[in-house]
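Chemist: In order, the protein sequence lines correspond to chains A and B. Just so we're aligned: 106 in the numbering used here is position 106 of the first sequence, and the numbers increase by one with no gaps anywhere. Just so we're aligned: 117 in the numbering used here is position 117 of the second sequence, and the numbers increase by one with no gaps anywhere.
Read the hints as simulated data drawn from the structure, not as lab findings. Careful: at least some of the hints might be erroneous.
What the hints assert, rightly or not - Derived pair list, reagent style EDC-like, types lysine to aspartate or glutamate, alpha-carbon separation capped at 20 Å: (1) K7(B) to D258(A); (2) K333(A) to D32(B); (3) K333(A) to E125(B); (4) K186(A) to E111(A); (5) K145(B) to E234(B); (6) K207(B) to D28(B); (7) K145(B) to D221(B); (8) K145(B) to D181(B); (9) K28(A) to E214(A); (10) K333(A) to D345(B); (11) K333(A) to D46(B); (12) K333(A) to E24(B); (13) K333(A) to D28(B); (14) K28(A) to E111(A); (15) K7(B) to E6(A); (16) K190(A) to E295(A); (17) K145(B) to D222(B); (18) K147(B) to D222(B); (19) K376(B) to E214(A); (20) K333(A) to D267(B); (21) K376(B) to D218(A); (22) K239(B) to D325(B); (23) K190(A) to D121(A); (24) K37(B) to E213(B); (25) K37(B) to D267(B); (26) K52(B) to E125(B); (27) K190(A) to E111(A); (28) K376(B) to E4(B); (29) K333(A) to E115(B); (30) K52(B) to E24(B); (31) K7(B) to E3(A); (32) K37(B) to D15(A).
Said to hold, decoys possible - On the chain A side, residues computed to face chain B include the following (Cβ under 8 Å): (33) N185; (34) A231; (35) Q233; (36) I338.
A virtual CB, placed ideally from N, CA and C, is assigned to each residue, including glycine.
Listed here are the chains, written in short residue letters.
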Amino acid sequence: MRELFESTVRRICEDHVPIERVSAAEEKGWSPALWELFESSGFSQALAVDESGESGASWGDLCGVLMICGQYSLPLPLPEAMFANYLLTRSGLEAMSGSLSFGVDGDLCLEGSTVKGSLRDIPWGGDVDHVIGLVGTSNPMVVLMSRADAAQVNRTTNIAGEPRDELYFDGVTPLAVAPLAASMNKDVLKLGGAMLRSAQIAGAMQGVLALAAEYVNDRVQFGRPIARFQAVQHQLAICAEQTAATVVSAELACAQFDNGSEVSTMVAKISSAEAAAAGAAITHAVHGAIGFTQEYPLQLSTRRLWSWRSEYGSLSYWSQRLGSKVCAAGSDKLWARIVNASSDSTQESSI
Amino acid sequence: MFTEQFKYTRIPAEAEAVRSEVREFLRDNLRDFPASKRADSWMGFDAEFSRKLGQRGWIGLSLPTEYGGADAGAFTRYVIVEELLAAGAPVSAHWFSDRQSGQQILRFGTEYQKEHHLPAICRGESFFCIGMSEPNSGSDLASIKTKATPTDNGWILNGQKVWTTNAHRSHYMIALVRTSDSESRHGGMSQFIVDLSLPGITVLPIKDLTGSEHFNEVFFDDVHLDSHALLGAEGDGWKQVTSELSMERSGPERFLSSMALLNTLIDAIGTEPNALQAKEIGHLAARLITLRQMSLTVTEQLAAGEQPAVAAACVKDLGAVFEQDLPELAQLLCDIPPASSGGCDHAMVLAHLTQQAPSFSLRGGTREVLRGIIAKGLGLR
Numbered sequence: 001m002r003e004l005f006e007s008t009v010r011r012i013c014e015d016h017v018p019i020e021r022v023s024a025a026e027e028k029g030w031s032p033a034l035w036e037l038f039e040s041s042g043f044s045q046a047l048a049v050d051e052s053g054e055s056g057a058s059w060g061d062l063c064g065v066l067m068i069c070g071q072y073s074l075p076l077p078l079p080e081a082m083f084a085n086y087l088l089t090r091s092g093l094e095a096m097s098g099s100l101s102f103g104v105d106g107d108l109c110l111e112g113s114t115v116k117g118s119l120r121d122i123p124w125g126g127d128v129d130h131v132i133g134l135v136g137t138s139n140p141m142v143v144l145m146s147r148a149d150a151a152q153v154n155r156t157t158n159i160a161g162e163p164r165d166e167l168y169f170d171g172v173t174p175l176a177v178a179p180l181a182a183s184m185n186k187d188v189l190k191l192g193g194a195m196l197r198s199a200q201i202a203g204a205m206q207g208v209l210a211l212a213a214e215y216v217n218d219r220v221q222f223g224r225p226i227a228r229f230q231a232v233q234h235q236l237a238i239c240a241e242q243t244a245a246t247v248v249s250a251e252l253a254c255a256q257f258d259n260g261s262e263v264s265t266m267v268a269k270i271s272s273a274e275a276a277a278a279g280a281a282i283t284h285a286v287h288g289a290i291g292f293t294q295e296y297p298l299q300l301s302t303r304r305l306w307s308w309r310s311e312y313g314s315l316s317y318w319s320q321r322l323g324s325k326v327c328a329a330g331s332d333k334l335w336a337r338i339v340n341a342s343s344d345s346t347q348e349s350s351i
Numbered sequence: 001m002f003t004e005q006f007k008y009t010r011i012p013a014e015a016e017a018v019r020s021e022v023r024e025f026l027r028d029n030l031r032d033f034p035a036s037k038r039a040d041s042w043m044g045f046d047a048e049f050s051r052k053l054g055q056r057g058w059i060g061l062s063l064p065t066e067y068g069g070a071d072a073g074a075f076t077r078y079v080i081v082e083e084l085l086a087a088g089a090p091v092s093a094h095w096f097s098d099r100q101s102g103q104q105i106l107r108f109g110t111e112y113q114k115e116h117h118l119p120a121i122c123r124g125e126s127f128f129c130i131g132m133s134e135p136n137s138g139s140d141l142a143s144i145k146t147k148a149t150p151t152d153n154g155w156i157l158n159g160q161k162v163w164t165t166n167a168h169r170s171h172y173m174i175a176l177v178r179t180s181d182s183e184s185r186h187g188g189m190s191q192f193i194v195d196l197s198l199p200g201i202t203v204l205p206i207k208d209l210t211g212s213e214h215f216n217e218v219f220f221d222d223v224h225l226d227s228h229a230l231l232g233a234e235g236d237g238w239k240q241v242t243s244e245l246s247m248e249r250s251g252p253e254r255f256l257s258s259m260a261l262l263n264t265l266i267d268a269i270g271t272e273p274n275a276l277q278a279k280e281i282g283h284l285a286a287r288l289i290t291l292r293q294m295s296l297t298v299t300e301q302l303a304a305g306e307q308p309a310v311a312a313a314c315v316k317d318l319g320a321v322f323e324q325d326l327p328e329l330a331q332l333l334c335d336i337p338p339a340s341s342g343g344c345d346h347a348m349v350l351a352h353l354t355q356q357a358p359s360f361s362l363r364g365g366t367r368e369v370l371r372g373i374i375a376k377g378l379g380l381r
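So here's chain A without its partners, still in its complex pose:
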């Protein structure tokens, strides 16, 4: 199944998401046609559960799809829509067709049957049909809102020019509301976002590494391809190590997300943030000035690496959370925690 998902999404990206389209999205904004193309492929609802409680696919099956979205700089909230539908259907609500995104931070609250407050940093929040968010902390509720009901839209973009908008709702009846699934807690949206970005970073890292390896074999200086210089080789070897680390940790996070493990998602976001910094720096260094231009496609990925590493918790944020727990538990619990982070047992893997 995994191979089929990946070959399908890769084919659509190759045919319909050339670098020109990624650049155009940054300048001209939302492309309804491109969204419809991806929606018709079914990926946005791939993780929805049906009436019998069965899901067509797991995050482990879809890790490669997220990586490909990252590698092609797909200018759509497809990963976000996948996650939002996953959350909606696990909380007993219906999956949504149409474009869908989610927001983690804000001050949304439920007053009677209406929602008031703002939701920030929503990927393509000002463009999508629907958004989801959580209200309340002790008994969080999932709310599904229509974007058209927002009283105010504040447009913001990240380093890569991707929309990260704020929506303000002024006493609006949500389209749907339900208690969050019992197996999840108030952090689920942030953790979900961290998992998505880790996998996208892993894909983008593979992209920039391949681009850099090709470039240094083509570029001739001092009478030979610069790939022949050990100084260049060793920089790209470090980039490859970081890529391998972020690929394996994203795979771990996706496979374990289905089991409710939080530690593996934290690990993936920490690992991918570290890799993103090294990967962007090294691939720019070996490209020389050409990589610093808008015309050359390296920037499409490196600007995303610089954005995605900070979204849904930075290296510092997750490291501090993980480290506080590790220290509080003491050294005798450390090894069991390391082992359990990668096993199917969720015992001790939650934080």
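We have chain A; now place chain B onto it with these hints.
Modeler: Quick look at chain B alone, frame taken from chain A:
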């Protein structure tokens, strides 16, 4: 690209089943084992401890039952080994025979060699060392000069090995030596199982910078080897050695040999870390979990008969960087100076591993060699 090989690898349930047994064994047998000894990790030599592991059937257990093994999968060995390393158990005596010599003999050895060596390895009674480096052949291993010349009933060995860990307390060495002239740089070499008690062999320990004796110079002066000493086909030595190196570079010993320090550091910080301490400890834990996952992936590839040399090099290099960062981070996070004797556990472990750290990016292949292998995997050379 090879980075795509790093899929999620689960340890199978039957391999996980042995974990609690090993933990119980370690609780019983290492009850009073001090942190400063645990910091020795797989350099800690205790023949009696190795024999106990052999009695439990935990050495060479992936070897076939007919030769004393348990026919267990690669992951059962992985679980046992990582538990031993995480506890800082003294595993050095049987380390090389369990990790690679037994496997090499099984793959390339004659029936005689298998029957003669493998059961003793599994009992934890026969210890091996690996003879690769020579005075003028370190990273450039193919330039070795030690030579075996054929005779009517065997070989005569002359030359010198150096940096051979445990040669002074092992029974056998698997040595890579030259057996014929070859036009190819990687031709003309063969592997031998050398009985270190033979006349003509001199082993001189070399003290490391702390004064400890782990590695040695080994001199071969007209050593007569019988025909059973040749391992594998004459001339296949290079091929055999390179297949061995992936086993050597991807295991948990490449990131767990400083576990004692991570443990004492967490103890020294206490249960209420400040923001910097929490951040760095969390980051270290994340790196460790990632490295372990990478290592498990390579283990699966090895078990499937693949040759993941590039992936193994990634594990070893990242593992060495991790372990070399650890003593530096300990300095950053805690104001406890290292002490070679008389200090608290953390001070003693820190002193030991600060001094051992340079070896992590030397032993088993230097950083430069590993990054060269990865660059080759990227198509850069």
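Chemist: Would you mind marking each hint as holding or not holding in the structure?
Modeler: Going through the hints against the structure:
1. K7(B) to D258(A): Given pair K7(B), D258(A) holds - Cα atoms ~16 Å apart, limit 20 Å.
2. K333(A) to D32(B): It holds: about 19 Å lies between the C-alpha atoms, which stays within 20 Å.
3. K333(A) to E125(B): 34 Å, violated
4. K186(A) to E111(A): Holds. K186(A) to E111(A) sits at ~19 Å (cutoff 20 Å).
5. K145(B) to E234(B): 16 Å, holds
6. K207(B) to D28(B): 33 Å, violated
7. K145(B) to D221(B): 13 Å, holds
8. K145(B) to D181(B): 11 Å, holds
9. K28(A) to E214(A): Roughly 31 Å between the alpha carbons, so the hint for K28(A) and E214(A) is violated.
10. K333(A) to D345(B): 18 Å, holds
11. K333(A) to D46(B): Violated, because 27 Å separates the two Cα atoms, which is more than 20 Å.
12. K333(A) to E24(B): Distance ~15 Å between K333(A) and E24(B) Cα, so the pair holds.
13. K333(A) to D28(B): 18 Å, holds
14. K28(A) to E111(A): Violated, at about 37 Å.
15. K7(B) to E6(A): 14 Å, holds
16. K190(A) to E295(A): It is violated: about 34 Å lies between the C-alpha atoms, which goes past 20 Å.
17. K145(B) to D222(B): Within the cut-off at roughly 14 Å; holds.
18. K147(B) to D222(B): 10 Å, holds
19. K376(B) to E214(A): 13 Å, holds
20. K333(A) to D267(B): Holds: K333(A) and D267(B) sit about 11 Å apart, inside 20 Å.
21. K376(B) to D218(A): 16 Å, holds
22. K239(B) to D325(B): 34 Å, violated
23. K190(A) to D121(A): Judged against 20 Å, a Cα distance of about 12 Å means the pair holds.
24. K37(B) to E213(B): 15 Å, holds
25. K37(B) to D267(B): 17 Å, holds
26. K52(B) to E125(B): 10 Å, holds
27. K190(A) to E111(A): Violated - the C-alpha atoms of E111(A) and K190(A) are around 24 Å apart, more than 20 Å.
28. K376(B) to E4(B): The given pair, whose Cα atoms are some 16 Å apart, holds under the 20 Å limit.
29. K333(A) to E115(B): 42 Å, violated
30. K52(B) to E24(B): Holds, at about 14 Å.
31. K7(B) to E3(A): 13 Å, holds
32. K37(B) to D15(A): The hint is violated at about 60 Å.
33. N185: Since chain B brings no Cβ nearer than about 19 Å to N185(A), farther than 8 Å, the hint is violated.
34. A231: Result: violated, 11 Å to nearest chain B Cβ.
35. Q233: With a minimum Cβ separation of about 4 Å from chain B (threshold 8 Å), the hint on Q233(A) holds.
36. I338: The hint holds - I338(A) has a Cβ within 8 Å of chain B, the shortest such distance being about 6 Å.
Comparing the model with each numbered hint stated earlier shows that hints 3, 6, 9, 11, 14, 16, 22, 27, 29, 32, 33 and 34 do not hold.
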